[in-house]
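Peer 1: Chain by chain, the residues:
Protein chains: 2
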Amino acid sequence: MNLTELGRQAREAARYVESLGITEKNRCLEQTAQALLEGEAQILAANKEDMERAQKKGMSQGLLDRLALTPARIRDMADGILEVAALPDPVGEVISMKPRPNGLLIGQKRVPLGVVGIICEARPNVTADAFGLCFKAGNAVILKGGSDALSSNMAIVECLQRGLEAAGAVKMAVQLITDTSRETAREFMRLNGYVDVLIPRGGAGLIRTVVENSTVPVIETGTGNCHIYVDETADFKMALDIIENAKTQRIGVCNACESLVVHRSIAQAFLPALKLRLQDQQEEGKRVEIRADQEACAIVPEFVPATEEDWGCEYLDYKLSLKLADSLDEAIRHINRYNTGHSESIITQDYAHAQEFLNRTDAAAVYVNASTRFTDGGQFGFGAEIGISTQKLHARGPMGLQALTTTKYIIYGNGQIRS
Amino acid sequence: MNLTELGRQAREAARYVESLGITEKNRCLEQTAQALLEGEAQILAANKEDMERAQKKGMSQGLLDRLALTPARIRDMADGILEVAALPDPVGEVISMKPRPNGLLIGQKRVPLGVVGIICEARPNVTADAFGLCFKAGNAVILKGGSDALSSNMAIVECLQRGLEAAGAVKMAVQLITDTSRETAREFMRLNGYVDVLIPRGGAGLIRTVVENSTVPVIETGTGNCHIYVDETADFKMALDIIENAKTQRIGVCNACESLVVHRSIAQAFLPALKLRLQDQQEEGKRVEIRADQEACAIVPEFVPATEEDWGCEYLDYKLSLKLADSLDEAIRHINRYNTGHSESIITQDYAHAQEFLNRTDAAAVYVNASTRFTDGGQFGFGAEIGISTQKLHARGPMGLQALTTTKYIIYGNGQIRS
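Line order of the protein sequences matches chains A and B. The opening position of the first sequence corresponds to residue 0 in numbering that gives the first Met the number 0, with each subsequent residue numbered one higher. The opening position of the second sequence corresponds to residue 0 in numbering that gives the first Met the number 0, with each subsequent residue numbered one higher.
Hints are supplied without guarantee of correctness; some may be wrong.
[Claimed, not checked] Below, simulated DSS-like cross-link-like pairs (lysine-lysine); rule was C-alpha separation at most 25 Å, straight line:
#1 A:K56 x A:K97
#2 B:K108 x B:K55
#3 B:K55 x B:K97
#4 B:K97 x A:K108
#5 B:K108 x A:K97
#6 A:K108 x B:K108
#7 B:K285 x B:K274
#8 B:K274 x B:K318
#9 B:K236 x B:K285
[Stated by the list, open to error] Negatives, chain B to chain A, calculated, CB over 12 Å:
#10 P87
#11 E307
#12 D361
The hints are simulated quantities; they were obtained by calculation from the structure and are not laboratory data. All values derive from a computational prediction rather than experimental measurement. Think of the CB as a built atom: it goes at the ideal place given N, C-alpha and C, for glycine as much as any other residue.
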């Protein structure tokens with residue numbers, strides 16, 4: 000597979016997609032959604048191949064579940080694309096336009112990024128999802144999925160291309176890299192000049208590989224070691240409700256709470272209540288193991304002594320680390336040292352503490368008196384998200400359609416030269 | 000030299016700088032400007048060492064000029080810092096804040112990037128300049144200069160640190176990597192977790208090395224193969240004034256014009272006028288060599304036949320490539336194929352062509368009827384610039400203080416949990 004040729008075609012397709020108006024893009028999206036529904040048999044047959052191969056090689060049940068497609072999941076993919084079609088188009092807005100003393104009129108206009116590369120793991124529904132968002136923002140997409148989902152991805156991309164053709168559009172606006180070798184993956188990550196940005200969607204290992212090897216700019220989406228700090232003046236009931244929600248509502252997600260910091264002065268009263276809520280009152284199998292520092296373990300003997308590794312750990316499980324702190328300052332320092340820059344929350348009734356926590360905590364999303372689980376494009380009102388950025392460049396936090404665009408300066412003159 | 004320890008100190012310093020208010024940051028900047036003036040003798044002595052070493056190894060006169068410091072240049076460095084102090088502080092502004100249906104109030108606040116790494120070549124004035132901008136935007140800075148400027152950079156950074164101490168501030172807000180080995184440079188480019196962004200400031204070779212080797216996010220600043228397209232309806236006098244300005248006003252800069260595209264229908268009349276303006280009417284030594292396609296050479300025999308390489312070349316010299324095009328579409332395709340995404344201009348009196356050129360040309364800055372030389376932070380009204388980004392992520396075009404910041408979401412709740 001000649002990646003440079005594929006990149007060249009993507010660049011050409013990107014110029015085409017950029018030229019489309021809102022109505023044309025939405026018609027394309029509707030046709031691709033339709034093509035997914037019409038391709039159900041083809042997609043299911045391809046997915047069956049992937050599933051059989053995966054079962055033979057002994058893939059775990061959890062991963063098999065993620066790989067499996069059903070008519071309902073295909074309908075969800077199509078619905079997802081239609082939802083994106085219904086969102087406002089981010090492209091073309093002129094954000095500002097001001098005259099300069101020499102009469103030049105300088106404006107900044109929102110434009111597509113160009114070619115977006117997506118590297119994902121064995122979750123075929125991500126393929127349609129990522130295409131929809133990138134295309135709506137005016138971009139061409141190159142997808143690379145894991146080898147386990149290859150047949151499914153090929154069928155899905157074929158359907159998407161068929162939909163584009165039905166709408167009279169350039170089908171190369173979405174392309175799949177079908178060679179799943181490591182060498183091709185590396186070449187893809189170094190396709191500067193053809194790919195404007197790479198977005199890895201998957202676990203920490205995939206993200207690290209992309210960051211390590213890519214020369215194309217990367218948007219790192221991320222792992223979340225999210226903290227909740229229970230301040231001296233916290234309302235206990237509110238704190239327990241929020242902690243329970245942030246820890247147990249869905250354990251496998253990046254905005255789940257993984258670490259608590261509790262003010263020392265309330266530990267004697269609060270920790271037993273915490274144990275009651277997260278352990279005694281939970282169903283079998285959903286009791287939260289609390290790995291705490293020495294002093295907290297002395298107050299609640301059921302807590303497990305934490306090691307240094309616990310402070311930085313994203314459990315994605317019914318586990319939670321817990322540290323006592325003497326002050327807001329100590330709590331913030333602990334969080335800023337061990338967090339992953341995702342989401343952090345303070346529970347407090349103190350005005351100054353709330354403001355200080357918002358100011359000093361270094362993360363994409365910082366909360367007062369709310370669950371970290373809200374860090375999500377849908378919850379933030381973006382309609383959809385391509386991921387949650389934990390880096391500081393370009394986009395930070397949930398990324399909606401706007402994160403898939405850039406700007407360019409447009410300048411109206413009437414003969415100005417520089418003196 | 001232990002880069003991890005240096006990175007740890009920079010991270011700590013960044014938290015401190017972020018906590019400073021506008022008045023405190025400006026007082027620090029004033030003190031560092033003062034310290035540069037007071038350190039004149041020390042800086043000049045150190046620069047003399049660098050100059051002697053450079054002369055011995057036979058550095059070219061051009062590079063020696065860039066390396067040399069004088070009392071006037073030191074005053075310029077100090078003045079540059081004071082000018083940055085006078086600019087509005089970009090940090091702390093809440094760009095938007097809106098309630099969600101569940102009562103959460105979600106805002107986006109502008110905050111510093113954290114630790115900015117600057118890699119530059121043998122131009123010691125960049126050191127003070129980069130520090131001023133990064134610090135004003137609330138960041139700590141780690142600088143790495145070329146080995147040729149090591150003594151000068153050490154003296155400058157010592158003065159800056161002395162100024163910070165005089166203002167009662169943490170001096171580690173600016174640090175210099177004094178080990179100029181290639182290995183240390185590579186280690187610096189992989190200091191993820193300690194450095195939030197790397198900005199290379201120098202020639203194409205340096206930028207390529209940083210893009211190739213860095214795992215820390217990079218802002219690519221750029222080379223400029225800038226085009227001017229002379230459309231059918233162009234006013235010839237305006238076109239010639241703009242081309243002369245863009246090509247000859249300063250030949251060594253990235254926003255200088257390097258390539259012309261001329262509509263074929265006006266070639267017979269326009270090309271001789273172009274030759275007159277850029278060759279006959281220029282002083283000896285400032286006559287522009289025009290490397291043109293076959294047809295243009297047939298019209299003006301003094302033009303030199305262009306090769307394929309010319310179309311993509313950033314000459315930084317009294318040279319210009321020239322291609323005829325049959326249409327606006329062909330012109331835009333040529334530009335989008337060979338440009339570096341910097342600055343492009345159309346000279347036209349046609350409304351639809353002006354709009355189409357602005358829409359379809361893929362570059363950081365796209366002009367109608369003006370010189371490409373205006374792509375500059377000062378000219379755009381930013382007060383100062385850290386470079387001109389030719390990438391699409393984070394910042395595109397001239398980068399002022401705002402490009403040295405990021406945002407974080409701040410969320411005010413009153414007990415919200417996710418259902």
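Peer 1: It remains to establish, for every hint, whether it holds in the given structure.
Peer 2: Right, here's what the structure says about each hint:
no.: 1; hint: A:K56 x A:K97; in the structure: violated, 62 Å
no.: 2; hint: B:K108 x B:K55; in the structure: violated, 52 Å
no.: 3; hint: B:K55 x B:K97; in the structure: violated, 63 Å
no.: 4; hint: B:K97 x A:K108; in the structure: holds, 23 Å
no.: 5; hint: B:K108 x A:K97; in the structure: holds, 23 Å
no.: 6; hint: A:K108 x B:K108; in the structure: holds, 22 Å
no.: 7; hint: B:K285 x B:K274; in the structure: holds, 13 Å
no.: 8; hint: B:K274 x B:K318; in the structure: holds, 12 Å
no.: 9; hint: B:K236 x B:K285; in the structure: holds, 20 Å
no.: 10; hint: P87; in the structure: holds, 15 Å
no.: 11; hint: E307; in the structure: holds, 16 Å
no.: 12; hint: D361; in the structure: violated, 7 Å
Of the numbered hints given earlier, the model fails hints 1, 2, 3, 12; all others are met.
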